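Undergrad: The residues making up each chain are set out below.
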Amino acid sequence: QQQHEDLSTKKLRLTKPSKSAALHVDLCKATSPADALQYLLQFTRKPVEVESVEGVVRILLEHYYKENDASVRLKIASLLGLLSKTAGFSPDCIMDDAINTLQNEKSHQVLAQLLDTLLVIGTKLTENLPVRMRLVEVACKHLTDSSHGVRNKCLQLIGCLGPVEKGLAKEGESQAAKDVQKIIGDHFNDQDPRVRTAAIKAMLQLHERGLKLHQAIYSQACKLLADDYEQVRSAAVQLIWVLSQLYPESIVPIPSSNEEIRLVDDAFGKICHMVSDGSWVVRVQAAKLLGSMQQVSSHFLEQTLDKKLMSDLRRKRTAHERAKELYSSGEFSSGRKWGDDAPKEEIDTGAVNLIESGACGAFVHGLEDEMYEVRIAAVEALCMLAQSSPSFAEKCLDFLVDMFNDEIEEVRLQSIHTMRKISNNITLREDQLDTVLAVLEDSSRDIREALHELLCCTNVSTKEGIHLALVELLKNLTKYPTDRESIWKCLKFLGSRHPTLVLPLVPELLSTHPFFDTPEPDMDDPAYIAVLVLIFNAAKSCPTMPALFSDHTFRHYAYLRDSLSHLVPPLRLPGRKLVSSPVSPTITPHEDPSQQFLHQSLERVYNLQHLDPQGIQELLEFTIRDLQRLGELQSELAGMADFTATYLRCQLLLIKALQEKLWNVAAPLYLKQNALASAAAKQILEETYKMEFMYSGVEGRQVVIIHHMRLQAKALQLIVTARTTRGVEPLFGMCEKFLQEVDSFQRCFISELPHMQGSFVDKLLDLMPRLVTSKPSEVVKILQTTLRQSTFLHLPLPEQLHRATANIIEPTGESDNPLRFTSGLVVALDVDATLEHVQDPQGTIKVQVLYPDGQAQLIHPKPADFRNPGPGRHRLITQVYLSHTAWTEPCQIEVRLLLAYNSNRSKASTKIPKSAWSESLEALPPSENGIEGTIPFSKPVKVYIMPKPARR
Amino acid sequence: LTCLSFFLAGAGQDVGRSCILVSIAGKNVMLDCGMHMGYNDDRRFPDFSYITQNGRLTDFLDCVIISHFHLDHCGALPYFSEMVGYDGPIYMTHPTKAICPILLEDYRKITVDKKGETNFFTSQMIKDCMKKVVAVHLHQTVQVDEELEIKAYYAGHVLGAAMFQIKVGCESVVYTGDYNMTPDRHLGAAWIDKCRPDLLITESTYATTIRDSKRCRERDFLKKVHETVERGGKVLIPVFALGRAQELCILLETFWERMNLKAPIYFSTGLTEKANHYYKLFITWTNQKIRKTFVQRNMFEFKHIKAFDRAFADNPGPMVVFATPGMLHAGQSLQIFRKWAGNEKNMVIMPGYCVQGTVGHKILSGQRKLEMEGRQILEVKMQVEYMSFSAHADAKGIMQLIRQAEPRNVLLVHGEAKKMEFLKQKIEQEFHVNCYMPANGETTTIFTNPSIPVDISLGLLKRETAIGLLPDAKKPKLMHGTLMMKDNSFRLVSPEQALKELGLTEHQLRFTCRVHIQDPRKEHETVLRVYNHLKGVLKDYSVQHLPDGSITVESILIQATAHSEDQGTKVLLVSWTYQDEELGSYLTSLLKKGLPQSTA
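Those protein sequences? They're chains A and B, same order as listed. Each residue of the first sequence is one higher than the last, beginning at 1 in full-length UniProt numbering. Each residue of the second sequence is one higher than the last, beginning at 1 in full-length UniProt numbering.
Keep in mind the hints are simulated off the structure, nothing from the lab. Predicted model only: the values in this text are computed from it and were never measured. Each hint should be verified, as a subset may be incorrect.
Calculated lysine-lysine pairs in the PhoX-like style (CA-CA distance at most 20 Å, straight line) [stated by the list, open to error]:
1. Lys223(A) - Lys201(A)
2. Lys223(A) - Lys194(B)
3. Lys475(A) - Lys194(B)
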């Protein structure tokens with residue numbers, strides 16, 4: 001590494017003079033502008049070092065003054081900007097020159113480019129106020145230029161560099177710098193729309209940099225809303241929004257009347273108006289911004305949902321109002337008659353205001369828009385406003401529910417998510433619930449799952465509602481059996497949220513009868529389990545409920561509590577002891593008995609250093625077993641327990657390997673036995689990789705221990721090889737490699753070494769001088785003794801530890817129908833998997849396909865195939881392309897997920913070059929369980945396929 | 001001041017028989033050529049003889065524009081072009097051109113074959129008529145002749161419906177035809193740019209209505225169909241072959257797709273099949289969703305909707321059938337209705353308005369016992385639903401379009417007089433533009449204030465803009481130049497160039513003025529005082545004292561001489577050219593006030 005750096009610095013020094021000199025020569029050689037341009041273009045492609053930048057700039061400037069051709073000057077100007085961006089170069093030395101070049105420039109394009117360069121210089125020197133002031137002054141001077149490009153750049157420069165600090169602004173004595181807002185504001189009326197846009201953008205830029213804009217700009221900005229050009233309108237909407245956030249409470253007059261309203265309300269009305277603009281870009285912009293105007297008064301807000309329907313000049317109620325009325329009158333949807341929606345009262349023609357009604361119906365329009373981008377923006381805005389205003393949430397519910405039937409899936413999904421976010425504020429009416437539940441039949445899995453999530457946190461008002469939800473969910477279950485888990489989870493929350501509503505339904509749901517015994521339902525029926533999940537979760541906070549259960553229900557409870565412990569809560573049942581002790585929330589996790597158990601068992605292992613070998617082995621075996629069981633029972637401790645169990649297993653393997661007879665006998669005689677020792681070494685290596693890369697939350701302290709264990713495994717490997725191979729030649733290399741590794745270990749973890757008293761490494765490092773000089777055979781001997789004598793390192797546990805898991809949902813592996821396709825062609829296999837606690841899944845997750853002939857195929861899924869439904873969770877939905885030569889009969893292939901890692905460095909640097917979706921067909925030895933650098937971490941799924949020979 | 005007049009041959013305060021004649025800057029354009037569905041006599045077609053007063057139509061009209069394929073907008077076209085006689089160009093969009101003849105042929109068949117009328121246009125006439133049609137693309141500017149140009153904008157409503165801008169010079173008229181400002185399942189919303197026409201002719205079918213969101217209606221519709229199908233019932237949807245039918249098909253098709261439903265959907269064959277074919281072709285005219293997804297699948301390639309056969313009506317199990325015609329007055333829809341009416345599991349959904357006297361109207365108004373032909377009584381047990389899916393802009397939509405286009409005058413057509421009155425009042429109140437709503441046969445003239453374009457020479461423009469500050473877009477600006485009118489074109493050039501072109505020599509006009517000043521001092525001292533005074537007052541101008549004893553202010557020359565009689569009076573000679581008149585007169589008035597009392 002260091003050598004390499006040396007090399008590169010040397011190279012730098014060499015190129016510095018040659019670079020600028022070469023350019024100089026080139027430019028002098030250039031006979032025509034086209035030539036010069038060509039040289040400059042070539043020059044641009046090469047990087048320039050920091051030290052030589054100034055020299056190059058001088059040469060360029062020199063040439064600039066001589067050049068007559070505008071295009072070359074333009075290129076030079078742009079190069080100047082590019083060069084001043086070079087990291088580490090301070091451009092103040094070239095600023096004067098750059099400003100000077102502006103003086104005599106005639107070409108507008110070059111001028112604009114030069115100003116751009118100045119902008120680059122200025123942004124690099126933001127700390128230097130005088131420089132900025134000077135640049136702003138220069139920009140102000142050129143604001144009168146007749147070309148829009150130049151004015152554009154000037155405004156941009158002023159926006160980016162204009163003085164923001166209030167006190168300091170006075171120091172800048174020049175007139176120009178004093179009031180940048182006024183200067184920019186003057187260009188709101190520029191004749192060129194591009195300049196107008198730039199002016200507004202500059203103003204916004206000033207705002208972003210912390211300058212408080214004047215309120216006077218508001219009226220100017222309002223005029224710009226009627227501009228002919230969409231970019232101007234779009235920017236103006238933004239400006240108005242900014243001002244409404246700055247001065248929400250100021251009072252502005254309503255034109256053509258004597259009334260006055262708050263500025264934020266006025267701005268809200270104006271932006272609402274823009275939701276029906278002619279250009280969809282503006283509409284999206286407006287709809288988005290509406291969401292963040294939370295200070296707006298509630299009656300304005302509620303207007304956005306009211307379109308004031310009328311028919312033949314008579315007031316008409318919306319379908320929503322009618323539905324609500326129908327519901328409150330206790331009547332169910334009666335099937336509409338013609339004229340049911342007949343308008344009722346007459347309205348005063350004078351009072352109807354068709355267009356200037358401000359906020360009126362803005363969201364109704366936005367949600368009905370032609371472009372789905374606008375609709376999504378409107379849904380998002382609705383979501384944000386509803387989150388801050390419960391009454392608005394209640395009102396917008398009808399509209400959100402309507403959006404569940406949008407023609408574009410993204411919009412549907414977005415509105416379901418929105419509904420979930422605001423679900424704390426709302427209770428669904430039965431007719432709304434009905435519409436919501438209708439979407440459960442959607443064929444898109446994303447939609448259904450989003451809907452399940454939504455149902456998890458909705459409030460339902462009546463028991464009929466719960467019943468309806470259950471019926472629809474069961475219908476969904478029969479139609480799409482793969483949704484099982486998600487539906488159960490949904491019912492779990494539905495039950496625990498509405499215990500009192502579930503209670504009256506229990507007899508019906510369990511089909512119990514006061515007099516007759518009913519047949520016992522099938523325990524494996526997912527639908528029955530779903531019902532039980534609902535009931536048991538409701539029963540948790542409703543102690544009277546278990547009285548309604550029949551005998552078999554209790555039996556089923558016990559079974560489910562054990563098999564689906566994450567879905568079924570512990571219940572206090574009459575005549576039964578609680579399965580697990582009630583965990584009151586006051587107890588902190590550290591006092592949690594299971595956590596204590598974990599720590600105690602670990603303590604026990606560490607304390608019993610000096611037991612006889614047999615005893616240690618047994619103790620380790622027991623502890624591992626305990627830990628594994630603990631992990632199964634306590635899902636939140638699973639990661640921790642697994643992690644430690646793995647570590648202990650490694651230790652156990654090491655001990656076992658060291659106790660083999662082989663060490664006592666002359667090497668060549670026991671060729672056979674060494675199988676165990678070398679297998680152990682190999683397995684330890686594998687396990688250490690798993691420990692390092694498969695758990696999220698592993699900290700530096702654990703990494704040291706893991707690496708240490710790996711080092712021990714490598715030592716073991718070395719000893720075994722030394723024992724079993726004749727001759728010394730191959731050992732030389734191995735020994736050297738091992739020693740290098742010890743060295744790098746020492747370098748990487750030097751800070752941790754004091755904690756490792758008495759460990760293998762500790763002892764090894766003491767012996768290092770001797771090791772380096774001695775022969776391989778001696779090294780092996782030393783290693784063997786140190787390995788035996790070294791103590792077992794204490795593994796400190798981090799706060800949180802989660803094991804990365806993956807579960808392939810699809811293909812299910814249950815199908816008996818082979819997937820038939822013509823050999824030589826490709827068949828697409830849908831793969832759907834959930835991943836938990838995987839960091840950077842896009843980079844690390846691979847799909848492996850194993851063919852019966854031992855051929856393995858590794859597929860890198862596209863980054864877009866990963867979805868992120870929640871923190872720590874990912875979902876992989878991808879397609880795997882299979883192909884093979886013809887088979888005589890169908891056979892099974894295995895599909896599994898792999899976690900790729902880069903073994904030479906830790907997780908942070910695990911960046912495997914992503915080659916889009918390339919599939920590498922790597923022929924691997926079938927005996928190998930995984931591929932080097934990957935950990936298989938999902939259960940393999942078998943897929944039946946049948947490549948048929950092509951028909952001729 | 002020029003005038004723009006329009007004459008309504010149809011559609012004035014009335015729905016049906018759209019036919020508007022616009023004369024704009026000497027060009028005569030006919031907008032739409034529709035028939036009236038309510039009449040079966042001469043009144044069904046516009047009275048073309050009135051237009052020309054016995055002249056030839058081709059000579060009188062510069063072009064005919066058809067906005068969309070509905071018969072009340074194009075029904076009279078073959079009669080007009082073939083029987084009355086018109087050989088000029090007819091403009092319509094591509095989809096309209098494709099679908100229009102199908103509908104005309106259908107209309108002809110019904111009138112001639114069924115009703116047995118004679119003296120009606122023939123199939124050949126329809127074909128001949130279509131040969132005169134020129135198809136246009138959206139936003140394509142078509143030059144009809146050297147001055148007249150037309151441009152089509154998207155209008156929603158039905159496939160291929162367009163709004164047309166007609167432009168002669170600086171005067172323009174926009175005709176909307178029928179349009180829809182809210183998108184539906186297969187078409188987008190109408191859109192127009194800020195073209196600021198002199199006149200906007202807009203339909204006003206729903207002048208007094210503000211409609212509810214479409215989503216509720218769609219949801220209700222789907223829910224009802226879905227429930228009935230789940231119950232095992234049959235759903236009959238009587239439709240007209242084009243327009244709404246496609247929208248409902250798309251709606252059901254996507255719903256079936258989404259919900260994974262299996263019940264069959266049928267569509268009665270014939271006319272519709274042909275029309276669907278065109279819908280498949282003109283994907284670019286549909287809405288965002290269809291346009292975006294057609295790469296994967298053309299939405300009009302229905303997966304779940306199949307052609308209907310008479311025998312299917314008796315099949316057991318649930319099904320949905322679209323059948324023509326829409327008002328249940330005859331044909332296939334009535335046949336199926338009779339078969340299914342007796343079962344309460346079944347349902348009929350009327351998606352549109354029904355004329356009085358039809359079976360559709362009867363069942364909608366709640367009749368449960370219908371008397372059919374042959375005195376037999378049909379008891380209706382099936383559910384009857386009404387769902388309105390209309391594709392016209394409502395009052396808000398009309399206002400929105402006016403806001404988008406910013407016209408100077410608005411003309412309302414295609415609506416009822418009473419409703420128009422309301423809208424007219426609103427438009428005048430909110431946009432402060434004139435609004436007209438003439439009746440049929442009325443001619444209205446409006447006066448426009450056309451701007452006349454003048455070419456300005458670049459040199460002059462540059463010179464003039466360089467003098468002042470940046471020109472303000474909104475304010476008029478004063479310039480000096482010469483206006484040249486030559487062969488019907490206007491040019492603004494610099495005086496020098498004008499002189500050169502006209503071969504004239506330049507004359508200089510100088511004003512000189514004597515100002516008497518009482519000053520006893522020497523001449524050069526006076527001059528110096530004047531110089532200092534002027535320098536003090538005119539800070540922005542270059543004031544120079546020349547060695548020969550004269551002063552120049554810019555190009556104005558001031559010389560001082562002693563009065564020949566009275567040495568105490570000095571005569572200041574001020575001389576300036578015509579161009580410097582402003583400054584010159586200012587100077588003289590300044591000097592006339594006298595010099596300030598010198599302190600020295």
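Undergrad: State for each hint whether it applies.
TA: We went through each hint and held it up to the structure:
1. Restraint check for Lys223(A) and Lys201(A): satisfied, since their Cα atoms lie roughly 16 Å apart, inside the 20 Å limit.
2. For the given pair, Lys223(A) sits about 16 Å from Lys194(B) by alpha-carbon distance, which is consistent with the 20 Å threshold.
3. Distance restraint check for Lys475(A) and Lys194(B): the Cα-Cα separation of roughly 52 Å exceeds the 20 Å cut-off, and the hinted pair is therefore not satisfied.
Figure legend: structure checked against the earlier numbered hints; the only hint not met is number 3.
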